[in-house]
Amino acid sequence: CEEIYYVLSGSGTIHTEFGDFNIEEGDLYHLKRGEKYWSEGKHLKLILVNSPKWSSEQLKQVE
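Just so we're aligned, residue 51 is where the sequence shown starts under this note's numbering, counting upward by one.
Honestly, the hints are just simulated from the structure, not real lab data.
These figures come from a predicted structure and were not determined experimentally.
Be aware that a few hints might be false.
[Claimed, not checked] Derived lysine to aspartate or glutamate pairs resembling EDC-like cross-links, with alpha carbons at most 20 Å apart:
#1 K92 x E107
#2 K110 x E67
#3 K110 x E85
#4 K95 x E75
#5 K110 x E90
#6 K103 x D70
#7 K95 x D70
#8 K110 x E74
#9 K103 x E53
#10 K95 x E53
#11 K82 x E67
#12 K103 x E85
#13 K86 x E52
#14 K103 x E52
#15 K92 x D77
#16 K95 x D77
#17 K82 x E53
#18 K82 x D70
#19 K95 x E74
#20 K86 x E107
#21 K92 x E75
#22 K82 x E107
#23 K86 x E67
#24 K110 x E53
#25 K82 x E52
#26 K92 x E74
#27 K86 x E113
#28 K86 x D70
#29 K92 x D70
The task is simple: from the sequences and hints, build the whole structure.
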């Protein structure tokens, strides 16, 4: 699904196949459908908007 991250507070990094992007309060980041990514943050509070609706079956955690 497509995702939009809006950062309410804190900071972090979104790691994608296209590079690493630092995010902080007030930033908006758009992830396109099928884009592989992972994120990390410190005291990061986000609003995530997904289309179509996200389901837990889509989550793949990698260590």
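Evaluated hints:
1. K92 x E107: Distance of about 26 Å is beyond 20 Å: violated.
2. K110 x E67: Satisfied, since the Cα-Cα distance of roughly 16 Å is no more than 20 Å.
3. K110 x E85: Satisfied, since the Cα-Cα distance of roughly 13 Å is no more than 20 Å.
4. K95 x E75: Since the Cα atoms of K95 and E75 sit roughly 9 Å apart, the hinted pair holds (cutoff 20 Å).
5. K110 x E90: Between K110 and E90 the Cα gap is close to 15 Å, so the pair holds against 20 Å.
6. K103 x D70: Violated, at roughly 26 Å.
7. K95 x D70: holds (19 Å)
8. K110 x E74: violated (24 Å)
9. K103 x E53: With a Cα-Cα distance of about 10 Å, the restraint between K103 and E53 holds, given a limit of 20 Å.
10. K95 x E53: Holds, at about 15 Å.
11. K82 x E67: It holds: about 12 Å lies between the C-alpha atoms, which stays within 20 Å.
12. K103 x E85: holds (16 Å)
13. K86 x E52: holds (11 Å)
14. K103 x E52: Given pair K103, E52 holds - Cα atoms ~9 Å apart, limit 20 Å.
15. K92 x D77: holds (15 Å)
16. K95 x D77: Measuring from Cα to Cα gives roughly 11 Å; hence the hint holds.
17. K82 x E53: holds (7 Å)
18. K82 x D70: Holds. K82 to D70 sits at ~15 Å (cutoff 20 Å).
19. K95 x E74: At roughly 10 Å apart (the allowed maximum being 20 Å), E74 and K95 satisfy the hint.
20. K86 x E107: Roughly 15 Å between the alpha carbons, so the hint for K86 and E107 holds.
21. K92 x E75: holds (11 Å)
22. K82 x E107: Status holds; Cα separation ~18 Å.
23. K86 x E67: Within the cut-off at roughly 6 Å; holds.
24. K110 x E53: holds (15 Å)
25. K82 x E52: holds (5 Å)
26. K92 x E74: With Cα atoms ~10 Å apart, K92 and E74 stay inside 20 Å; holds.
27. K86 x E113: holds (15 Å)
28. K86 x D70: holds (12 Å)
29. K92 x D70: At roughly 16 Å apart (the allowed maximum being 20 Å), D70 and K92 satisfy the hint.
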